[in-house]
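Work the whole structure out from these sequences, hints included.
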Amino acid sequence: MGILKLSGITMKFGGVVAVNNLNIDVEKGNIEALIGPNGAGKTTAFNTITGVYTPTEGSVYFNDEEITGIAPDKITKKGIARTFQNIRLFKNLSVLDNILIANHLHIKSNFLSSTLRMPWSRAEEKYMKKKSEMLLEKLGLLSINNEKAHSLPYGEQRKLEIARALATDAKLLLLDEPAAGMNPNETEKLAEFIRTIRDEFNLTILMIEHHMDLVMEISEKIYVLDFGHLIAEGTAEQVKNDPKVIEAYLGVEEDA
Amino acid sequence: MITNKKNTLFRKLNILTVIIAIILLYLIDSDIVGNQYIKRILNLCAIYTIVSVSMNLVNGFTGLFSLGQAGFMAIGAYTVAIFTVPVELRESIFYVVPQNPVLSQIQIPFFPALLIGGLLAALVAILIGMPVLRLKSDYLAIATLGFSEIIRIIFTNIKTITNGALGINRIPAIPSLELDNFNISFGPMWSIFGIAALSVLLISLLVNSSYGRAFKAIREDDIAAQAMGISPFKHKVMSFAIGAFFAGIGGGLLASLLGTVDPKQFYFTMTYNFLLIIVLGGMGSISGTVIASFIVTAGLELLRFFDEPLTLFGVNIPIFRAGLRMVIYSILLMVLVLFFRNGLLGQKELSWNAIIGWFKNKMPSHKKSEGGAL
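Quick mapping for you: the protein sequence lines, in order, are chains V and D. If you count by our numbering, then the first sequence holds residues 1 to 256, one letter each, in order. If you count by our numbering, then the second sequence holds residues 1 to 374, one letter each, in order.
Keep in mind the hints are simulated off the structure, nothing from the lab. Do not rely on the hints blindly, as some may be mistaken.
To be verified - Cut-off 16 Å, straight-line C-alpha distance, at most; resulting in silico cross-link-like pairs (EDC-like, lysine to aspartate or glutamate):
no.: 1; chain 1: V; residue 1: K131; chain 2: V; residue 2: D169
no.: 2; chain 1: V; residue 1: K28; chain 2: V; residue 2: E65
no.: 3; chain 1: V; residue 1: K221; chain 2: V; residue 2: E233
no.: 4; chain 1: V; residue 1: K91; chain 2: D; residue 2: D222
no.: 5; chain 1: V; residue 1: K91; chain 2: D; residue 2: D262
no.: 6; chain 1: V; residue 1: K240; chain 2: V; residue 2: D226
no.: 7; chain 1: V; residue 1: K28; chain 2: V; residue 2: D64
no.: 8; chain 1: V; residue 1: K159; chain 2: V; residue 2: E186
no.: 9; chain 1: V; residue 1: K148; chain 2: D; residue 2: E178
no.: 10; chain 1: D; residue 1: K348; chain 2: V; residue 2: D242
no.: 11; chain 1: V; residue 1: K171; chain 2: V; residue 2: D242
no.: 12; chain 1: V; residue 1: K171; chain 2: V; residue 2: E200
no.: 13; chain 1: V; residue 1: K221; chain 2: V; residue 2: E200
no.: 14; chain 1: V; residue 1: K74; chain 2: D; residue 2: D222
no.: 15; chain 1: V; residue 1: K138; chain 2: V; residue 2: E156
no.: 16; chain 1: V; residue 1: K171; chain 2: V; residue 2: D73
no.: 17; chain 1: V; residue 1: K171; chain 2: V; residue 2: E27
no.: 18; chain 1: D; residue 1: K234; chain 2: V; residue 2: D73
Laid out in structure tokens, this is it:
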């Protein structure tokens, strides 16, 4: 069994079935992708994994432990971190603060000892700062650690959001359209970046993406969703030639 | 090296400021400078500082639009009133409905009573906060406003505990701390300013700790904060309760300073004074709030001039009458909201660096020589 397993996930909103009986098994250490046309239910699937929605039916397992319906903050504590389709940084705070906030979930001091700057809280704070700076240095963001998040260029903001997710010490990273709004050149760099962090931090990555070249280039396994159904899964080669996938993306070929 | 030198300079300036403040406090407290009126206004300023900074923690730093501050102050004020009035005076104060027989035998010294008041306010905040903090923005404001009115109405009606609408008077003044060996006595002003300084210090330490960063994260984007493993609910309740604790402390000090409490004091309009202060000072700026507390509280007193009849060159100016003060106050409020939406300092804090920078900018000679860099 893989690191993340969705078994029979169904998500209904009133009469609309956004995700229907979805089964996914993400292998540890892989980069895998969830693709599909607009409205196929990809983000809904993400939201059932991260606890934003409790699925109508089915279960989510992370490292063989059932996490269905747990609150998002508890799921992050277990080791699943995400980014958002429309970047959600803490805009008015500095780059370093953004990263430090992602360290807060593991804090051991309570608010009193933290406020009173007890020796162990000082040590913890110092450790958090050092860890954050090391992360920023690894990702090449240390030179801008005092800038406000909203003042960064778009590409850097995407990068910072991934960095922030990494700072939670996640084992599984969910990226929701990391390349949205990027030009081919930036997308190329992003592919390299995703691969690097996977190797460096021993991550498993599951992403939603519309840039097919990015998906085909870096994912070991691809799941294709259409109208809430999983219509295909496999390697880039397998999925690319699957008639159902072609149909979903391009429509049925009319008989002459 | 240069930053090191600057830091030692700033540290010296800080120490100097504290020393000047202590000397001023000594001069005013021992009646060498000023008079009772000035003393009273300054004490009020310090108490308003405590409550405003605590409100800024909730509204400015955690991003919760809460208007319940008057309610929490009432809890602190009544706790101090009920427990510090000497037992032998109780009967003459509760002359319509006698006080609860158990309570009427309990008398606690001022400082423990003050602490209990703060803790009770925090406890009530936790109980209220658990259902109410699930609401957002305007809805939360309405719910907290309602809560503060409920507290006031409860206090008006539990006559055996609070003496109802009559209120409790003859509350003893904040005790002076005597140092007999040195023949020095620290009057109530020292306690009020001491507690105010301590409150501001504690809140700014909290705001700059990891928990403070979590509060700010919730203010910036609570969905992202939760995705980063921060429980918005737990941290909102925490901030709300800490804010209520300091509001309770402020209320307790106020009760003792005025010597009397009654439910009408804690009408919801009181909360608007604090709202004005934190908006003027800057939501998310502690130093801004402290400055604004002094400006607004002292300003409201100075504006009393407008409430008195004015005769210029033998002509009585008709608009100078009771009520004009509030008109001017409201106009100032509108100007503030229209032109200074971020307040004095926005989310920034006052620092020596900023002050020196500001003065440098004002000096034309510097502007000429360094203008090219900007």
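Hint check results:
| no. | hint | verdict |
| --- | --- | --- |
| 1 | K131(V) / D169(V) | holds, 11 Å |
| 2 | K28(V) / E65(V) | holds, 15 Å |
| 3 | K221(V) / E233(V) | holds, 7 Å |
| 4 | K91(V) / D222(D) | holds, 12 Å |
| 5 | K91(V) / D262(D) | violated, 44 Å |
| 6 | K240(V) / D226(V) | holds, 15 Å |
| 7 | K28(V) / D64(V) | holds, 12 Å |
| 8 | K159(V) / E186(V) | holds, 11 Å |
| 9 | K148(V) / E178(D) | violated, 50 Å |
| 10 | K348(D) / D242(V) | violated, 57 Å |
| 11 | K171(V) / D242(V) | violated, 31 Å |
| 12 | K171(V) / E200(V) | holds, 12 Å |
| 13 | K221(V) / E200(V) | violated, 20 Å |
| 14 | K74(V) / D222(D) | holds, 15 Å |
| 15 | K138(V) / E156(V) | holds, 14 Å |
| 16 | K171(V) / D73(V) | holds, 15 Å |
| 17 | K171(V) / E27(V) | holds, 12 Å |
| 18 | K234(D) / D73(V) | holds, 11 Å |
Of the numbered hints stated above, those contradicted by the structure are hints 5, 9, 10, 11 and 13, listed in ascending order.
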